Structure formats: structure tokens, C-alpha cells
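A.B. asks: These are the residues of each chain, in order.
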Amino acid sequence: MFEKEQAYFQAHREEWLKTVRGKYALIRGEECIGFYDTDLKAYNEGVQQFGSPPFLIKRVLEEDEKLNIPALQFGLLHAHS
Amino acid sequence: MPTVEFSPAIQATTPDGKRVNLSPRSGLQLMGACVWAIISPPANIKGALTAEKGSNPQSVEGWALIDTGAATTAVDESVCQKLGVAPTGEIQMGHAGGSAKRLCYPIQIVFPQMPMPPLTCPSAASVDLAGGSQNYVLLVGRDLLAGMRLVYNGPMGRIEISV
Chain A
1 MFEKEQAYFQ
11 AHREEWLKTV
21 RGKYALIRGE
31 ECIGFYDTDL
41 KAYNEGVQQF
51 GSPPFLIKRV
61 LEEDEKLNIP
71 ALQFGLLHAH
81 S
Chain B
1001 MPTVEFSPAI
1011 QATTPDGKRV
1021 NLSPRSGLQL
1031 MGACVWAIIS
1041 PPANIKGALT
1051 AEKGSNPQSV
1061 EGWALIDTGA
1071 ATTAVDESVC
1081 QKLGVAPTGE
1091 IQMGHAGGSA
1101 KRLCYPIQIV
1111 FPQMPMPPLT
1121 CPSAASVDLA
1131 GGSQNYVLLV
1141 GRDLLAGMRL
1151 VYNGPMGRIE
1161 ISV
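Chains A and B, in that order, are what the protein sequence lines are.
Residue numbering for the first sequence follows the numbering used here, starting at 1 and increasing by one per position.
Residue numbering for the second sequence follows the numbering used here, starting at 1001 and increasing by one per position.
Everything labelled a hint here was simulated from the structure, so no lab data went into it.
Nothing here was measured: the structure is a model prediction, and the numbers come from that model.
Just so you know, even glycine gets a beta-carbon here, dropped at the ideal spot from N, CA and C.
Where hints are given, some of them may not hold.
Said to hold, decoys possible - Below, a list of computed lysine-lysine pairs in the DSSO-like style, where the Cα atoms sit at most 27 Å apart: (1) LYS1082(B) / LYS41(A); (2) LYS1053(B) / LYS4(A); (3) LYS66(A) / LYS1082(B); (4) LYS41(A) / LYS1053(B).
What the hints assert, rightly or not - From the derived model, a few chain B residues whose C-beta atoms are all more than 10 Å from chain A: (5) SER1023; (6) LYS1082; (7) MET1114; (8) PRO1117.
So that you can see chain A by itself, here it is in the shape it has in the complex:
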């Protein structure tokens, strides 16, 4: 999923970091619709343009964000008492 969008983002990341660092990019296919202050604004614009997902919302940062949830990371929620 999102192979085209991720490749497009990757190809433009350096350029975007200079001008819109920290904003949320809204991308569909090989087109960037715009940059937004919040992911909710990006999402609402995506819905307005396309009706519903799929479309990619991704924050413009040096590295991709990584999610750490210790309860899942260490298997605590799946532990049996």
C-alpha cells in the first residue's frame, strides 16, 4: 500500500524540509495536494477532494515517525495471567 505515494514523498522530502518542515503532506498517487498544520486538516481536505481514503497523510520530517507502545512492544497486553 502507498508505494507510489511513499516514493513520491521520499523524492521530495529534502526539498520540502526546507520550506514546510513539520507540516502534514496530503498525497495521492504522484501528486501532493497540499501541506497542513495538523493531520486532521489534511484528512478533511483529502475527504473534500476525494470523498474518502485511501490517500496518504505524512508529516514532513527528516526521518519517518516511529510508534512505540511499550505495552505492545513488550507483549504485556498479550501476556496470560
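Start from chain A and add chain B according to the hints.
C.D. replies: Frame of chain A; chain B shown alone:
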């Protein structure tokens, strides 16, 4: 800020097979800080989903665990499948063996016991919660907690949330 109190009503089985009600204090200790949640597609795509699938999109109800260790809110993968929503992103998630890519989905969350409007999460990470013994549908992370005041009142066996 209105405050709402939650005290999980939990039953347990004794060694001789009887079902007994746990005290609020023990129930809270066993269940953790949980609230009941109703998860559905965000309101602004329900029409598109209905037109696409020919039926009204489903909602899923269940326990949401308040997880102050989670930076962002995460939803069980099977819930996203039931809602029929398409993803809005993907994220690398750390796990015991390294990391894996997970899809993110737009969801709307209603906490029916709380006096607050529905919350829209444009990109909630999908994770495997249902494999656990407690069957949570949602982990409420610090992104949502940023708008709440939370008190874990262990001696009284309840959590208190102000929004």
C-alpha cells in the same frame, strides 16, 4: 471542566467455581484504566462508504484501555476491517523482535459516558489488541489524553476524567 468517574464492574471465578463480584479496587487493578468506547468511521466519510458498499457502515463497541505509555492512539486491526475504512497512512511500530509497518486508519471515537463530542483520529495506528486475554478494541494514547485531566484513584477503585 466536568468530571466523570469510572469504576469497572468485574466478576471473577473462585477456585470452587463461583462467580463473584470484585471490589472496585480489585476490579480497577485487574482491568486497568478502561472506558467504554464506540468506534465508527468518521462522520464525513460515512456517506461515501454507504454509497460504495450499499449499506450503512458498522460501529464497534468495546473497552478502551487508557495507556499513558502510548504516544498516540491505536486501534485493533480487526475493528478497522469491520468499519470498512481505507487507510490514510502507515507507520513503523516497534515490537519485541524489531519493528513492523502498520497501516493507519481514520476513525471516530465516542466515549458514551463522557460529556464530549465525537473525536476524529485521522490516522490511528492499527495494532493487534484482540489477541490478548482482555480484548481491548482501542488504546487511548497521549494524543487524546492531551485534552483531558486523568486521575487514577486506586484506593477508591475508580478513574476520574475531566474534559
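A.B. asks: All hints, please: hold or fail.
C.D. replies: Hint check results:
1. As the CA atoms of LYS1082(B) and LYS41(A) are separated by approximately 25 Å, the hinted pair is consistent with the 27 Å bound.
2. Only pairs whose Cα atoms come within 27 Å are accepted, and LYS1053(B) paired with LYS4(A) is accepted, the gap being roughly 26 Å.
3. Proposed proximity of LYS66(A) and LYS1082(B) is supported: the alpha carbons are some 26 Å apart, at most 27 Å.
4. Between LYS41(A) and LYS1053(B) the alpha-carbon distance is near 26 Å, which keeps this suggested pair within the 27 Å criterion.
5. The beta carbon of SER1023(B) sits about 18 Å from the closest Cβ of chain A, which is more than 10 Å, so the claim that it is off the interface holds.
6. With 10 Å as the threshold on Cβ separation, the claim that LYS1082(B) sits away from chain A holds: the shortest Cβ distance comes to roughly 16 Å.
7. At roughly 19 Å, the least C-beta separation between MET1114(B) and chain A is larger than 10 Å, which holds for a residue marked as non-interface.
8. Interface exclusion of PRO1117(B) from chain A stands, the closest Cβ pair being 13 Å apart, more than 10 Å.
In this structure, none of the earlier numbered hints is contradicted; all agree with it.
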